[in-house]
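Q: For the protein sequence lines, the chains are L and X, in the order given.
Per this note's numbering: the first sequence = residues 9 to 83.
Per this note's numbering: the second sequence = residues 5 to 507.
Hints are computed from structural coordinates only; laboratory data are not their basis.
All C-beta atoms in this analysis are idealised placements derived from N, C-alpha and C, irrespective of residue type, glycine included.
One should not assume that every hint holds.
Taking lysine-lysine pairs in the DSBU-like style, the calculated list, with each CA pair at most 35 Å apart, reads [to be verified]:
#1 L:70 to L:50
#2 X:30 to X:361
#3 X:30 to L:70
#4 L:74 to X:366
#5 X:474 to X:115
#6 X:474 to X:366
#7 X:29 to L:74
#8 X:307 to L:50
#9 L:74 to X:30
Partner residues aside, some chain X positions facing chain L, computed with beta carbon under 10 Å [claimed, not checked]:
#10 21
#11 95
#12 99
#13 177
#14 188
#15 196
#16 200
#17 326
#18 428
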Amino acid sequence: MEDMKPKGDSGPNPLEVMGLFWIALGIIMVVAVYAPPTMFGKLTNLAAGVILLAIGLIALLKGRAKRISGEIENE
Amino acid sequence: MISGIDLFIVIFFIVGVFVVGVYFKKFIHTSEDYFLAGRKLTWWVIGMSIIGTNIGSYDYVGGAGAAYDVGIAQANYEWIGAIPAMVISALLFVPYYWRAGAYTVPEYLGKRYSQPVRVIEALLWGSFLVCCLAIFFWASGLMINTYVGWPIWLGILITAVVVGIYTVTGGLTAVAMTDVIQLAIMLVGGFAVAIIGFHEVGGWGGLVEKVTVEHPDHFRLFLPLDHDTYPWLGMILGLGLVLSPAWWCCHQAIIQRTLGARSEWDAKAGMLSAAFLKMLVPLLYVLPGLFVLALAAEPLSDKDQALPWAIKNMLPAGLAGLVFAAFLAAIFSSVDSTLNSAVTIWTRDIYQNLFVKKAPDKHYLNFGRGLTMVFVVLGALLAKPLTTSFEGIYMAMQTLLTFFQGPTLATVLLGIMWARATRWGGLSGLLGGVACSVTLHMTGMNFLYVAWWSFVAALIINAIVSLLTKPEPLEKLRGLVYGLVMKDEHVQNSLSSRVEGGE
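Next up, chain L with everything else stripped away, as it sits in the complex:
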């Protein structure tokens, strides 16, 4: 999808945007660890948050790498 980006557009590409969304949701899930009363509940929230953070980070870094390589090619 990164090649969909309009030429001359220096903003974030689709992967970076999706990555940011997942990271934000992951952070909220990690913060939500305080909510459940049981340890198992806290651990489940933490696991879900970490998985979302990991997916988001991978998408963000891959998108950033594509954007930088695209900018170098354009130059």
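Take the given structure of chain L and dock chain X to it, following the hints.
A: Frame of chain L, contents of chain X only:
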């Protein structure tokens, strides 16, 4: 019903999806961008978007309820009822749709057979998709009302505004990319529910032990021939051989993503990767249904309460919000895909094909956007009247789908596989198949068998009429029929040179 942190997660999800969806507006310049994402979708986006589109709120609520009621036989809807057909779709159907350069399945049929076949198919699918839209809106209102407590009309309004705006502005690109985001949330939520469930029941062994005490058939994948809903023969003939291939090979909302692929390889790989993901889908609702059966002290009065029970009694605060966001994701992804597909069919196969044939491209882009807004308003307004006027509207829609899915599959299958199939064969097979399914339905036959026999009837009528009428000229069929590609000297030479070149 849900706590403060859960509500915060749900509101964040709604706002976030809206913002991400609207971001894709800058990619839309032509009607091809709007309807087919500029034919730039990559395989993994296609695969995830297909699954996101396929999973609806009914799969969650109804599927969990059915699993509670009949056990893992419900998973057949995802396994035998999807995966073989998806592989066939990827290898046999998708390449021909993609090569034909069509925007819709009816458009392919128009090229292969004739205008009347295209228009009839477009009217059937176009009307069906608009009705589906109204049902999805109602389901979203009900879901938000059940879990958050907001009025149904407010839930419908939120869905209409959020999904409507990003679909109008971003077209298929926004639809496909938000589907990717939403599927990731659904899968993370599904895995979390599975982990908690297995922890509660004592692992797989504990689940089987607790459930089979009173329900020995709940771990049988095939149920007896006299079973009311899921007889094994009906599952194989009706679901496995007709309904499932018809859905995965001919449903516009499913196929449209592959038509927006950047290459034929991406189109096929997208469908195959969706088949892989499909294996995981029972995790989202079949397992929760079984967990409830194992954990609930008293039997539930309504089987569709299985999933709400699981959320209320099994999930901790935070995760409950994420799973509810996954529900909303399921419904948003179904609404946006149905909306986009309905607009594509009505614009390309009806408006552009029959009324305004040679307008500038911008005209069709603007018409598509305008029609999207009209369908959003229409779907929201029809949501209540359409759903409450009929008893069991979902079953009514399933029945309606049964009327034309078998004949559609037979028409497409013969169109791709048999060069001798003619325009008259296609038309009479389609109409004869629909007439057969309506007649059989009136006799009270199980819908799985209706699908099977209407498919067989359409196949036979198409074949007989084709043999009695003049063959189609070969030039017309080039690139649209399987046999011709194998015999096409130009294509074969091109393939040979690619093989020799090490591609």
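Q: Take the hints in turn and mark each one as holding or not.
A: Results of checking the hints against the structure:
The suggested pairing of residue 70 (chain L) with residue 50 (chain L) holds, with an alpha-carbon distance near 30 Å, which does not exceed 35 Å. Only pairs whose Cα atoms come within 35 Å are accepted, and residue 30 (chain X) paired with residue 361 (chain X) is accepted, the gap being roughly 27 Å. At roughly 21 Å between alpha-carbon atoms, residue 30 (chain X) and residue 70 (chain L) fall within 35 Å of each other, so this suggested pair holds. Between residue 74 (chain L) and residue 366 (chain X) the alpha-carbon distance is near 31 Å, which keeps this suggested pair within the 35 Å criterion.
For the hint pairing residue 474 (chain X) with residue 115 (chain X), the CA-to-CA distance comes to about 17 Å; that is within 35 Å, so the pair holds. Distance check on the hinted pair: residue 474 (chain X) and residue 366 (chain X) sit about 40 Å apart at the alpha-carbon level, beyond 35 Å; violated. Using a Cα cut-off of 35 Å, the hinted pair residue 29 (chain X) and residue 74 (chain L) holds, with the two alpha carbons roughly 21 Å apart. The suggested pairing of residue 307 (chain X) with residue 50 (chain L) holds, with an alpha-carbon distance near 30 Å, which does not exceed 35 Å.
Proposed proximity of residue 74 (chain L) and residue 30 (chain X) is supported: the alpha carbons are some 19 Å apart, at most 35 Å. Using the Cβ-Cβ criterion of 10 Å, the hint placing residue 21 (chain X) at the interface with chain L is satisfied: the shortest such distance is roughly 8 Å. At about 24 Å, the closest approach between the beta carbon of residue 95 (chain X) and any beta carbon in chain L exceeds 10 Å, and the interface hint on this residue is violated. Annotation: interface hint on residue 99 (chain X) violated; nearest CB of chain L at approximately 22 Å, more than 10 Å.
Contact between residue 177 (chain X) and chain L, as hinted, is supported at the beta carbon level, the nearest pair being about 7 Å apart and thus within 10 Å. Hint on residue 188 (chain X) holds. Least Cβ distance to chain L is approximately 6 Å, under the 10 Å limit. The beta carbon of residue 196 (chain X) is positioned within 10 Å of a beta carbon in chain L (closest approach about 5 Å), and the interface hint is therefore held. Restraint check, residue 200 (chain X) versus chain L: the minimum CB separation of about 6 Å is within 10 Å; hint holds.
With a least beta-carbon distance of about 6 Å to chain L, the hint placing residue 326 (chain X) at the interface is held under the 10 Å criterion. About 43 Å separates the beta-carbon of residue 428 (chain X) from the nearest beta-carbon of chain L, more than 10 Å, and the hint is not met.
Of the numbered hints stated above, those contradicted by the structure are hints 6, 11, 12, 18, listed in ascending order.
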